[in-house]
Amino acid sequence: MPERETRELDVREIEGEPFGEIVAALDTLCEHETLVLVNSFEPVPLYDVLEQRGFTYKTSQEGSEEWHVRITHA
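Residue numbering for the sequence shown follows my numbering, starting at 1 and increasing by one per position.
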């Protein structure tokens, strides 16, 4: 099995609503890749979207205003 590649999307750097860029990153996520979404808060509304689109995720709080969501295909 090939080693899983990791891509990072830091939405703290995006002006305005980052949902479009998150969806675009998910659309191009390969089976062997993990997308690490970095946000300033826990993106709870995103979880239903991820599940509906066939992804699994693991969330961790890395700092007072830094959350990482590791997203992979289910």
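Derived by calculation from the structure, the hints in this document are not laboratory data. Note that the structure is predicted; figures quoted are calculated from it, not measured. Mixed in with the good hints, there may be bad ones.
Estimated spans, in silico, between C-beta atoms of each pair [to be verified]: (1) Phe-19 with His-73: 17 to 27 angstroms; (2) Glu-31 with Glu-65: 28 to 38 angstroms; (3) Glu-3 with Ser-64: 12 to 22 angstroms.
Ideal Cβ placement from N, Cα and C applies to all residues, glycine included.
Query - Index of numbered hints that the structure contradicts, given in increasing order - result: 3
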